[in-house]
Amino acid sequence: MAETAQVKLTIKDFQSDQDVRWCPGCGDYSILAQIQRIFPEFPHKKENYVAVSGIGCSSRFPYYMDVYGLHGIHGRAPAIATGVKLANPNLDVWVATGDGDGLSIGGNHMIHMLRRNVNIKVLLFNNEIYGLTKGQFSPTSKLGQLTKSTPSGVIDPPFIPVSLALGAGATFVARTMDRDPKHLQEIVRRVEKHHGSAFVEIYQNCVVFNDAAFFQYTEKETRDDNVVYLEHGKPLVFGKNKEKGVRLNGFTPEVVDITNGKYSTGDILVHNEDDSTLAFILANMIHNPALPRPMGVFLAQDRTTYEDAMQAQIAKAKAKKGEGDLQKLLDGEETWDIS
Amino acid sequence: MAKSLETLEEVTIRFAGDSGDGMQLTGTQFTNSVAALGADLSTLPDYPAEIRAPAGTTYGVSGFQIKFGSTDILTPGDACDVLVAMNPAALITNRKLLRDGGIIIVNEDTFNDKNLKLANLTTNPLEDGSLTKFQVHRIAISKLTAAALEDMNLSTKFMDKTKNFFALGLMYWMYNRPIDQSVKFIREKFSSKDPQVAEANIRVLKAGYNFGDTTEFFTTRYDVRPAQLPAGKYRNIMGNVATALGLVAAAKKAGLDLFLGSYPITPASDILHELSHLKEYGVKTFQAEDEIAAICSAIGASYAGALAATTTSGPGLALKTEALGLAIMLELPLIIVDVQRGGPSTGLPTKTEQSDLLQAVLGRNGEAPLCVIAASTPVDCFTAAYEAARIAVKFMTPVMCLTDGYLGNGAEPWRVPRVEELSPIPVRFATDPKGFQPYSRNPETLARPWAIPGTPGLEHRIGGLEKDQLTGNISYDPENHDIMVKTRAEKIERIANDIPLQTVEGDPKGDLLVVGWGSTYGAIKTAVASARERGLSVSHAHIMYLNPFPKNLGKILGNYPKILVPEINNGQLVRLLRAKYLIPAIGFNVVKGLPLRAEEIENTINDILGGNNG
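Top line first, the protein sequences correspond to chains D and H. Take the first sequence: its letter number 137 is residue 137 in my numbering, and every next letter is one higher. Take the second sequence: its letter number 400 is residue 400 in my numbering, and every next letter is one higher.
Just so you know, the hints here were simulated from the structure itself, not pulled from any lab data. On a predicted model such as this, the values are computed, not experimentally measured, just so you know. There could be a bad hint or two in this list.
[Stated by the list, open to error] With a straight-line Cα cutoff of 30 Å, these simulated DSSO-like cross-link-like pairs (lysine-lysine) come out: (1) H/Lys189 x D/Lys320; (2) H/Lys233 x D/Lys318; (3) H/Lys279 x D/Lys318; (4) H/Lys189 x D/Lys318; (5) D/Lys316 x H/Lys184; (6) D/Lys328 x H/Lys184; (7) D/Lys321 x H/Lys233; (8) H/Lys96 x H/Lys161; (9) H/Lys157 x H/Lys206; (10) D/Lys45 x H/Lys434; (11) D/Lys46 x D/Lys12; (12) H/Lys96 x H/Lys117; (13) H/Lys394 x D/Lys46; (14) H/Lys434 x D/Lys46; (15) H/Lys233 x D/Lys320; (16) H/Lys279 x D/Lys321; (17) H/Lys193 x D/Lys321; (18) D/Lys8 x H/Lys434; (19) D/Lys328 x H/Lys233; (20) D/Lys328 x H/Lys279; (21) H/Lys434 x D/Lys12; (22) H/Lys279 x D/Lys320; (23) H/Lys184 x D/Lys321; (24) D/Lys320 x H/Lys184; (25) H/Lys279 x D/Lys316; (26) D/Lys320 x H/Lys193; (27) H/Lys184 x D/Lys318; (28) D/Lys316 x D/Lys328; (29) D/Lys328 x H/Lys394.
Sequences and hints are given; from them, build the entire structure.
This is the structure we're talking about:
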């Protein structure tokens with residue numbers, strides 16, 4: 001077939017004709033808008049995109065994208081998406097999920113998809129609450145949090161989604177925020193380039209049931225002192241005037257002042273996206289409230305994808321035995337004739 | 001000494017021993033040899049759920065039964081003619097299956113105090129007179145095996161592991177079968193790993209054969225002639241293999257890749273194993289993290305344009321239930337194979353049962369109609385799987401294919417179909433964006449278009465929420481929901497226009513119709529044939545299509561004042577028939593984890609018709 005010039009896609013090509021029905025002010029609007037804005041940049045055909053989701057507010061995402069979409073059942077999006085990708089590895093498969101869908105009812109599918117490194121991109125909208133069922137705690141809600149189902153406070157410790165993904169063996173793990181559109185776009189661009197399972201936790205504000213849960217990281221007034229942006233090969237410095245840095249004391253990160261003469265930029269931890277040990281240390285910074293919250297790519301590694309390995313086995317079998325002959329298969333090894 | 005050769009029409013042999021004794025292998029080898037002879041046959045592997053239950057105990061006994069003959073063999077046999085028992089536990093748990101006057105061959109070396117105690121025996125059955133109605137052959141199989149291997153410098157433990165081949169060799173001699181095929185098998189299986197192992201097993205096999213030939217233990221050998229089967233090319237096949245081949249054949253005929261999403265479960269795993277070897281046929285097997293992921297991956301693959309299937313057994317089907325509802329809602333083709341086993345819950349994993357019928361037909365939330373078909377013999381598993389795929393693709397719907405442990409593990413000769421004989425499975429993916437609507441319908445079948453990702457201009461969204469009857473967009477409109485519920489039901493009903501009419505074996509009218517489904521086919525057919533020979537007015541209808549039923553089924557049922565429905569459950573088909581046709585059908589239900597016996601069905605027929613039990 002003759003190569004035809006790819007039609008230039010625009011934001012409109014990714015907006016479906018369905019009314020968006022999230023609550024006014026929901027962080028999901030921003031995430032949807034950034035995705036629709038940058039998808040036209042990517043070199044893929046529109047018809048090759050497939051958006052798969054489970055159940056929850058975030059899982060309505062496929063209805064609003066004008067691409068192939070499958071709104072599945074609660075928690076099962078990674079499993080459905082795996083089937084889509086294995087059946088046709090040429091498709092660009094994205095999963096939209098949430099903290100309840102992806103880490104509670106669907107936690108098992110999530111870890112196994114990441115472990116296999118199926119080339120599927122996961123956007124996990126983390127709002128630390130069940131929104132669609134109206135306000136019960138989720139597996140990322142904070143200890144002590146008062147919710148509809150925990151009037152005396154949450155007593156189960158939360159998952160750290162980034163740590164969970166790293167522990168499952170994901171090859172690409174990142175964190176970003178709904179209220180930082182530029183950073184969100186940058187991360188999605190990186191996700192698109194990754195060949196393998198990509199897991200992105202997106203801090204997402206639920207205006208109705210868990211408003212302002214992430215404001216210390218997302219709002220201008222507090223962000224600089226509470227967030228450190230991870231950049232490959234660069235030191236972890238932060239603060240309004242880049243006056244602070246994260247230093248490793250043994251295996252323990254600590255915040256140091258790099259302006260008072262005791263420490264300089266040279267003492268500061270330099271990020272390496274290819275270092276899974278470092279990624280775990282960064283992910284666990286969440287346990288120490290004195291440390292800033294890392295945003296960006298924790299880990300990006302190359303590993304054979306599941307579907308490539310599967311295709312290779314098929315190709316090898318065909319090369320060795322030739323294209324399967326159905327009659328020969330039915331006849332089997334030992335037959336006898338009756339006349 | 002001269003030994004006489006006696007011709008038999010049919011024989012039933014049961015091999016029984018510890019689950020570590022290799023009885024399944026012995027039985028399978030014997031089966032392959034008998035199959036090559038051209039006899040008709042039917043087998044019943046009967047083994048415990050534990051991989052290696054404690055040696056010598058009654059619950060660790062593994063059995064393999066084969067009936068073969070020159071006649072039409074329909075079941076693995078009600079009663080055995082020969083029992084090969086490798087230890088006291090095997091003898092004691094299986095002797096009740098032996099006909100009076102039957103032959104028992106025991107490994108007498110195992111009848112020591114320890115094994116008698118393990119089998120809960122206070123006296124030795126070889127000496128306490130409890131076996132007088134049988135012909136008992138006490139053979140020192142362990143000692144003879146050791147003697148055959150004397151100069152090979154092998155451990156006692158290793159030598160003991162080969163003794164099943166002694167029993168096999170002896171049975172080959174007794175039934176006039178050559179040992180060549182098993183010699184070839186042993187060489188292929190063991191030579192590359194350890195030539196000494198191959199050599200030892202072959203020696204023991206030959207020792208068993210020669211023992212029959214040279215000692216005076218046995219004066220008679222038996223000969224079974226080839227059966228009069230329809231002309232064609234034949235092979236021996238197990239039900240689970242037939243299911244796998246049915247799926248591959250359907251995919252090839254449809255021009256699609258086969259995708260199997262599955263999770264290991266007894267007794268269905270062999271389908272996954274079989275298909276995982278067929279990569280050169282473009283088959284993709286995905287062993288998922290659980291039953292739910294298995295069916296969900298298959299749904300995803302179907303959405304992307306593969307012929308997708310998932311295989312499981314009862315408890316696994318329960319886990320797949322929600323996703324099955326999604327497949328019904330999405331209206332995508334999907335084949336779900338349920339190799340039924342004893343339930344409820346974990347139940348009897350290695351035993352057979354027909355107790356998932358209601359789960360298959362009805363077991364989902366909401367109004368979720370599903371096409372259900374069932375295989376009736378091991379060979380029929382091929383047809384049922386193929387037919388499930390054909391219907392799934394034509395009607396854009398999931399289809400449940402029911403088999404069971406007995407069918408899945410049982411084997412029989414198969415007249416292998418020619419590929420060109422198989423009915424075509426045409427597939428037409430939607431490609432034209434003009435006027436495309438995801439839920440527009442074929443006026444005849446009510447199937448919606450199969451529009452797969454990668455097709456320009458057909459981008460659309462589907463999901464588990466109720467959909468608009470045309471666009472597929474989310475719709476909470478009450479009228480639309482009513483229409484969609486009824487349309488989904490109507491679509492499944494219309495499958496009845498596309499399947500064969502129900503047939504009856506016997507007479508179109510009469511006093512009694514025995515209605516069955518699934519693996520009871522052979523037993524019911526045998527029972528009905530025998531009752532008819534004695535002049536009773538009884539016929540047999542075996543239903544393959546369980547939802548929807550064939551269009552003429554109601555009319556057929558009306559032609560008999562009495563309807564008997566034997567099932568290996570507590571009355572499931574009988575319930576569906578009563579509900580749909582308002583008939584006073586009665587059930588015959590034995591739920592022991594074993595196939596129904598022809599004799600017990602015939603006795604019930606006699607009871608109903610007032611016949612003579614003979």
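(request) Report the numbers of all earlier hints that the structure fails to satisfy, in ascending order. (result) none
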